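Chemist: Residue numbers for the sequence shown, in this note's numbering: 1 to 138.
No lab work stands behind these hints, which were simulated from the structure alone.
One thing to keep in mind: the hints can contain errors.
With a straight-line Cα cutoff of 25 angstroms, these simulated SDA-like cross-link-like pairs (lysine to any residue) come out [claimed, not checked]:
hint : residue 1 : residue 2
1    : Lys-53    : Ala-71
2    : Lys-61    : Arg-84
3    : Lys-61    : Asp-16
4    : Lys-53    : Leu-103
5    : Lys-53    : Thr-113
6    : Lys-61    : Ile-116
7    : Lys-53    : Pro-30
8    : Lys-61    : Leu-94
9    : Lys-61    : Pro-30
10   : Lys-61    : Trp-45
11   : Lys-53    : Pro-81
12   : Lys-61    : Ser-13
Note that the coordinates shown come from a computational prediction; the quantities given were computed from them, not determined experimentally.
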Amino acid sequence: MKSRRAGQGPRLSIPDEVRRFVLTSIASVPHLEALLLFHRDPQAWRDGVAVAKALYVTEPKAIGVLEDLHAAALLDVDPGPPMRFRLDPGSVELPEIIRLVALAYANDVVGMTHLIHDAAGKNAMRFAAAFKLKKSDV
Numbered sequence: 001m002k003s004r005r006a007g008q009g010p011r012l013s014i015p016d017e018v019r020r021f022v023l024t025s026i027a028s029v030p031h032l033e034a035l036l037l038f039h040r041d042p043q044a045w046r047d048g049v050a051v052a053k054a055l056y057v058t059e060p061k062a063i064g065v066l067e068d069l070h071a072a073a074l075l076d077v078d079p080g081p082p083m084r085f086r087l088d089p090g091s092v093e094l095p096e097i098i099r100l101v102a103l104a105y106a107n108d109v110v111g112m113t114h115l116i117h118d119a120a121g122k123n124a125m126r127f128a129a130a131f132k133l134k135k136s137d138v
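Let the hints inform the model, and build the full structure from the sequences given.
Modeler: Shown next as structure tokens:
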């Protein structure tokens, strides 16, 4: 019988729609956590300072995450100053998929984190492979 470490439960299956959303729209765990922060209070406008504090990252990192989420059409932007963001109210489907993502993250943090890291690692390897020289190129 295989033993489990304390606090480890069974791995849950991540629903396909959540998997697709994460693979196409979420670049890192801070991106996911920022999106979930906005999901908890969709009408709230937040700037880089507030998001940096909530995620325990630097302000430049938080602003980069917010800009990425805006570029992915997940956040609305008020150019300010200061530049502020909120969940994009234009999408009818967005609140439901984010609710499912939040549920999956709450139920399987490790699985969701692995999904994000695996996707990021594969993208990085594809990017690096694009610059590899073949012997015939030299």
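Chemist: Could you tell me which of the hints above the structure violates, numbers in ascending order?
Modeler: 3, 12
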